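Protein sequence lines correspond, in order, to chains X and V. Counting from 105, one number per residue, gives the positions in the first sequence under this note's numbering. Counting from 172, one number per residue, gives the positions in the second sequence under this note's numbering.
Honestly, the hints are just simulated from the structure, not real lab data. All values derive from a computational prediction rather than experimental measurement. Note that CB positions come from ideal geometry on N, CA and C, so glycine has one too. Certain hints may be false.
Said to hold, decoys possible - Cross-link-like lysine-lysine pairs, in silico, BS3-like; alpha carbons within 30 Å at most:
#: 1; chain 1: V; residue 1: Lys442; chain 2: X; residue 2: Lys227
#: 2; chain 1: X; residue 1: Lys227; chain 2: V; residue 2: Lys371
#: 3; chain 1: V; residue 1: Lys371; chain 2: V; residue 2: Lys442
Unchecked claim - Coverage of chain V stretches by chain X, computed from C-beta distances (three or more under 8 Å per stretch; other residues unrestricted):
#: 4; region: 437-446
#: 5; region: 493-502
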Amino acid sequence: MKYIDEYRDEHIAQSLAAQIARRTTRPWNLMEICGGQTHTIMKYGLDELIPARIRLVHGPGCPVCVTPIEVVDKAIEIASRADVTFASYGDMLRVPGSHSNLLRVKAAGGDVRIVYSPMEAVKLARALPERQVVFFGIGFETTAPPNAMAVWEARREGLDNFSMLVSHVLVPPAIRLLLGSPHNQVQGFIAPGHVCTVMGYWQYETLCRDFHVPIVVGGFEPADLLEAVDMLVAQLEEGRAVVENQYVRSVRYEGNVVAQRIVEQVLEVCDRKWRGIGVIPQSGLRLREEFAAYDAERIFGVGEMTAEEPAECISAEVLQGLKRPTDCPVFGVACTPENPMGAPMVSAEGACAAYYRYRRHSIQPSEVA
Amino acid sequence: MRGERRSIAEMVCPAPLPAGDQVLLGHGSGGKLSAELIHDVFLAAFDNPILARMDDQAIVSINGLRLAFTTDTFVVKPLFFPGGDIGSLAVHGTVNDLAMGGAQPLFLSVAFIIEEGLPMETLRRVAASLRQAASQAGVQVVTGDTKVVEKGSGDGLFINTSGIGVVADGIQLSADRSRPGDRVLLSGSIGEHGIAILAKREGLEFDTPLESDSAALHTLVAAMLAASPDIRCLRDPTRGGLSSTLNEFASQAQVGIEIDERAILVREEVKGACEMLGLDPLYVANEGKLVAIVAPDAADRVLAAMRRHPLGAEARIIGSVTASHPRLVTMRTTVGPARIVDMLAGDQLPRIC
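Next up, chain V with everything else stripped away, as it sits in the complex:
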């Protein structure tokens, strides 16, 4: 530097972050660090062909019956937020993971990890909400577990749910089925869950209260599959937001994805909060939206079916799959040129100014 040029080998690194010796919060962000952790630790340990598909659920065959099986753990803070709570979220999250495999969700297990000192009333409210969400979604809680940990060893309440559903013959949804020319459909506006949680946590207030979009999506999926069998894959853009989901699609199918910023719906309150906090709504979590990759000929039919469903009333085609730039997602911005929509390394950190 300053005249003398060092070779790369000689270069001193200030302190890079080789994600190695320690688990960081970013490993749970749904971004690149999460993907690395899953690949290096868990895939390495449990490798098998079903797991290696890396979809939101495993599809297994037992005596000719195709079952979808999935699990998810909920550590949301605060426990109650506008539009939902940890109980309803624990149902919706797992039901949606099953639904994204084209399954009819049937049974759930629920495990509670409770921190000593949690008010009994809180637990009752959560249980009541969970039961209501399950009955609305048409699933039954058929088994469960309870553990209480010492004060300081948990954060109030964690919930794990696992779910089982059946997949009808002929339904084959998986990210690696995407082909150039396919259309990318999004079921509605993005970022509401993440911002509703953040607003509650940070005490932000809006003129019109913003609610989480938390919802069970399996009836929407059923309507879409009834409209056309040519849906390649489905995924709900939760943690890591729309960008992470699209990047997962692109890397699993070895294709490029091009989207149009103007087609992506973001509510004013979400836009405002993101502007204020220096966040990008493309990376903010959703809990009641889905992204579908659909064969070009079927796109309009599937879109029409989505729009007839209350949870897909604002569905739009936001882009398409391309053979150019494999594994990269690009977006045509509002002013014209295209840019990359990257997967974040870890959590989105609010900017200083």
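Chain X extracted, bound-state conformation:
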């Protein structure tokens, strides 16, 4: 398949890996932010291709994993109502809240539906005027434009039975938090290509300057990630710290300005809690006041719901890249995708799930640390 096969080619991958090996003179810790990138690294075994001195640590960029437990509880509360049709991306359905998950709400008779786009939820609202259709609007900057567009479209059409449960998160504030931590070991970042397709990469320049850390915008295929690692290692070895763009076939400096405009019209920046990490200032998006009529939290009165985040295994350290999934005493034993003890084991993009699914045969806990 064009634009896919060439990025999964063995010879291209091997030659990029050899180039990284030639450049590397000492150990470097690099973090890929996005769960999709973690998934590719584990699925194709890219960490086995590159020199052992390059350590890839996995960032907090799985939107499913960082959605706070009380938001999942709110979704469960709303979806359990008899008058609600609750629409969500598929992988949110298995995420545990305090006591249940959306798959169980569905099994108990709740009208929970998997959709591939928020516009499908708008379509449902049109088709089911007697029901309240609620879309679970989560994710990073990538999914913000379609979610904003869906709310905007619902208002344009005067649909009064559509609303959204919004829990959006933003990447740059999370990187800032990680870099400001006294425990930080990350020396270079692979920024998420999809997020930057929407937002551009100008936002990352201040991070490079403030912390003297190189950032390379990377794609999601094996060759993309190896090239991004190569670009980061080149910067580190030469003592440079700037933003570079590996994912040129998708990302422009200014991003998708039209998409940014619709987000600005409908959503505004707010403080946001991240599961496993806590509140990060100015790291989220919520509906603007003029779209309050589409805010499911207000419509269903769940805004005040809170939940105690239980101490989940070592997911906080995993999500901050301080530890690897295999450092956890319950990894693969008490904690598996069927019985997840923490969020990173739930989603296919979670770091723990990626390790478990693709690599548990070759990783011994003692090898990583």
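Following the hints, put chain V in place on chain X, whose structure we already have.
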């Protein structure tokens, strides 16, 4: 956490999914939850040596005649899809379960569970398609049943078929016969049935229309068995896809399986749809493909026989059985390193981005 380390016993679990008090859709996915359900509820209730073999069909002996017996229920939505419909599928599914035991399929029963309000024309079309598929496969529908349930108690139409066939002497196919060194053969490209259904359901369109691969495989199996008796076992990778079938083989025979990603054929349309929807074709259903574990010396002969048959024209050797990592399936990826091909817990859930 954050400094203080809790012991495992003290750890609070957010809300794991001990598959316990409630049946979830995932219990019907063909993945780990299905396997648990069958083991904990049904094997526990009906345990006997024939059932315990856990093959797609039971082989029973009556007065020296070896009979294969199987049953399958079809709940596909939509009822009509590119490349088939619930009627043809109900024939192919059961014929194939018999064929995977090396049987010559002979007779079928058909039971219809119809939801009140189903258009009569729909039922006629399904019946006509079922009859045509049966006659093409050389099997006869010899008994049946009809039930009508109230509106809301079913989803249009469910069909159950059971089948009987005869197994020739000397044919002995069962997953636990696999040995290290055996080759793994796959009869063609994967994922077409699942994606054709999904595309129809979700309104996806392709430049070239993608059809389900639904087909009766017993003549292909007969050609393979004629080429060599050293076929260890056969299975059609339906629900749960190729990965579930390989994992079943590995766990039943207590062996490891190694496959090569580059040997597995996936059509462009299937690849494209999977990329778009965040699905892995290894977990997508097939209805006209089979996987064979074959003794190393016989592999080339069996492969040649498959390729001479229209339903096996694209057959390939995709891997081999190994003594290392028992019960695990690994795959050499397109870029080189190997990874695990796991059985999914439940249904494959489309990813957010």
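Consistency of the hints with the structure:
1. Lys442(V) / Lys227(X): holds, 27 Å
2. Lys227(X) / Lys371(V): holds, 17 Å
3. Lys371(V) / Lys442(V): Holds, at about 16 Å.
4. 437-446: Our answer is that it holds, as 4 residues pass the Cβ test (under 8 Å) against chain X, meeting three.
5. 493-502: With 3 residues close enough to chain X, the hint holds.
In this structure, every one of the numbered hints holds.
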